[in-house]
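These protein sequence lines are chains P and S, in that order.
Using the UniProt record's numbering, read the first sequence as starting at 1 and increasing by one per residue.
Using the UniProt record's numbering, read the second sequence as starting at 1 and increasing by one per residue.
None of these hints come from the bench; they were simulated from the model.
The beta carbon of each residue, even a glycine, is placed where N, CA and C say it ideally should be.
There could be a bad hint or two in this list.
Claimed, not checked - Among the chain P residues that face chain S by a calculated CB cut under 7 angstroms, a handful are:
1. Phe66
2. Gln90
3. Asp93
4. Ala94
5. Leu97
6. Gly101
7. Asn157
8. Leu158
9. Ile159
10. Val160
11. Phe163
Said to hold, decoys possible - Chain P is faced by these chain S residues, among others (derived, beta-carbon under 7 angstroms):
12. Phe66
13. Gln90
14. Asp93
15. Ala94
16. Leu97
17. Gly101
18. Asn157
19. Leu158
20. Ile159
21. Val160
22. Phe163
The residues making up each chain are set out below.
2 protein chains.
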Amino acid sequence: METTAIKTRGNAAKEAERAVVISEALQDAIVERRLPPGMKLVEAEIGSLFDVSRTIVRTALQELSFLGLVRIERNRGAFVAKPSPEEARQIFDARRLVEPGITMDAIKQASNDDLAHLRKHLQHENEAMSQRGLSARRMEIRASGDFHLLLASIAGNLIVQRFMSELIARSCLVIALYGQSGASSCGHDDHVEIVDAIAARDAARAVALTQHHIDHLEADLNYRSSDDIELRQALSL
Amino acid sequence: METTAIKTRGNAAKEAERAVVISEALQDAIVERRLPPGMKLVEAEIGSLFDVSRTIVRTALQELSFLGLVRIERNRGAFVAKPSPEEARQIFDARRLVEPGITMDAIKQASNDDLAHLRKHLQHENEAMSQRGLSARRMEIRASGDFHLLLASIAGNLIVQRFMSELIARSCLVIALYGQSGASSCGHDDHVEIVDAIAARDAARAVALTQHHIDHLEADLNYRSSDDIELRQALSL
DNA sequence: ACAGGCAAAATTGTATGCAATCTCTATTCA
DNA sequence: TGAATAGAGATTGCATACAATTTTGCCTGT
Numbered sequence: 001m002e003t004t005a006i007k008t009r010g011n012a013a014k015e016a017e018r019a020v021v022i023s024e025a026l027q028d029a030i031v032e033r034r035l036p037p038g039m040k041l042v043e044a045e046i047g048s049l050f051d052v053s054r055t056i057v058r059t060a061l062q063e064l065s066f067l068g069l070v071r072i073e074r075n076r077g078a079f080v081a082k083p084s085p086e087e088a089r090q091i092f093d094a095r096r097l098v099e100p101g102i103t104m105d106a107i108k109q110a111s112n113d114d115l116a117h118l119r120k121h122l123q124h125e126n127e128a129m130s131q132r133g134l135s136a137r138r139m140e141i142r143a144s145g146d147f148h149l150l151l152a153s154i155a156g157n158l159i160v161q162r163f164m165s166e167l168i169a170r171s172c173l174v175i176a177l178y179g180q181s182g183a184s185s186c187g188h189d190d191h192v193e194i195v196d197a198i199a200a201r202d203a204a205r206a207v208a209l210t211q212h213h214i215d216h217l218e219a220d221l222n223y224r225s226s227d228d229i230e231l232r233q234a235l236s237l
Numbered sequence: 001m002e003t004t005a006i007k008t009r010g011n012a013a014k015e016a017e018r019a020v021v022i023s024e025a026l027q028d029a030i031v032e033r034r035l036p037p038g039m040k041l042v043e044a045e046i047g048s049l050f051d052v053s054r055t056i057v058r059t060a061l062q063e064l065s066f067l068g069l070v071r072i073e074r075n076r077g078a079f080v081a082k083p084s085p086e087e088a089r090q091i092f093d094a095r096r097l098v099e100p101g102i103t104m105d106a107i108k109q110a111s112n113d114d115l116a117h118l119r120k121h122l123q124h125e126n127e128a129m130s131q132r133g134l135s136a137r138r139m140e141i142r143a144s145g146d147f148h149l150l151l152a153s154i155a156g157n158l159i160v161q162r163f164m165s166e167l168i169a170r171s172c173l174v175i176a177l178y179g180q181s182g183a184s185s186c187g188h189d190d191h192v193e194i195v196d197a198i199a200a201r202d203a204a205r206a207v208a209l210t211q212h213h214i215d216h217l218e219a220d221l222n223y224r225s226s227d228d229i230e231l232r233q234a235l236s237l
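With the sequences and hints as input, model every part of the structure.
Written out as structure tokens, the structure is:
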């Protein structure tokens, strides 16, 4: 197969497909709200920014459109997704459908190392929350979602994990659009309690807390008409 | 194409993006096992078949790779996915995680029309099962998966529905690879019982039957080493 | 002033060309 | 005979060119 073992290792670094790099950079920017919902994403612009041709940018944007983070309109281009209230409800309904199961699996699978990771993550969330400033707020949003992803990774099913990635990313968008309390208010305390219940292997409690947590998140939303949103977005910048 | 005002109306039909048409054609072929797991999919070949450039074929193949139906290897090309035993297990675990919730939502949402659709679908499955021949077998595979998709569509959450589409399609691949009983044996009787339970609004029973059904499906699998599979594929054609 | 429409600019959709990489065959050497 | 290898052919990765479409700004007539 290969002629030198070293070459193979060298490839591993290069393997980082350029389209994936771009798609992840965009996803980060969208989730952290640096790119607001509805914003136009021009192929050539992104291309020159990352120094690649539109071909690559195109595949990155398609990937994001599969994840529901970007909407592609024929002959008009790509835009950061702007979930409708109905879509938003469905996203949270989907989370209610999936996350209790993930929590239960996590309880079954969690090793001591996993629990340590969870605790470390909670601390991380805490730090982000205590700090001020825009960048700290972004860290907080990101960390809050990462908690759920960490749980999914502990549950140990790659397919479910990928599904949760999508749901979390889209949740961030929804919260950006419809969240009321200035803080992302992702209820850090809820997370602490959930980890405690998991550590105690108390499945019933952990599941109940998980459901409660999702209700909590959705309760902070205000599904205004999307025209209002347009304005809000325009005026806030 | 068309030149006049009629064109505009025609567009709605034309809107069917060419990449999507191709990707759906391929998905059908994969799910119905006309394209066996592991088969190489050459871009130029597909392109000339549908009379489009490789560009379009490429996006279709990427779409399928996001769905897990196609594996793309850098510089080597696209192949019909060949799920490992571990992947197969995760697919069914994911179904166990999601489908009970779908069944419950379906019970909540199902109108009389929906129930009629379900009954009609059962009849359709029955017909496919009673017929002989390769094409009938394909119909059976397809119909058997469609039952679960129909249930998901009744549950009424587009996001969950999309997720189920992926799981069902991948399940078909897994069954093609590891199924033992010549018949796709998707337990048509199970489906009948599930519909009965839904019609009776008996949530506990419907959920139990759903879980049982998935266990049933997976019990018919034999996770051989993938080398054996290679042989089986080679000899069966 | 303003609605309507035309033309230029910007942007996307698709095909194609070229370089890089892989695959397979045939040939050579042990 | 069999393993190693070189090289031709096939295939993919990416950039770019061109056509189709949309958007923008200007102009004109009312």
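- Task: Output the numbers, in ascending order, of every earlier hint that fails for this structure.
- Result: none
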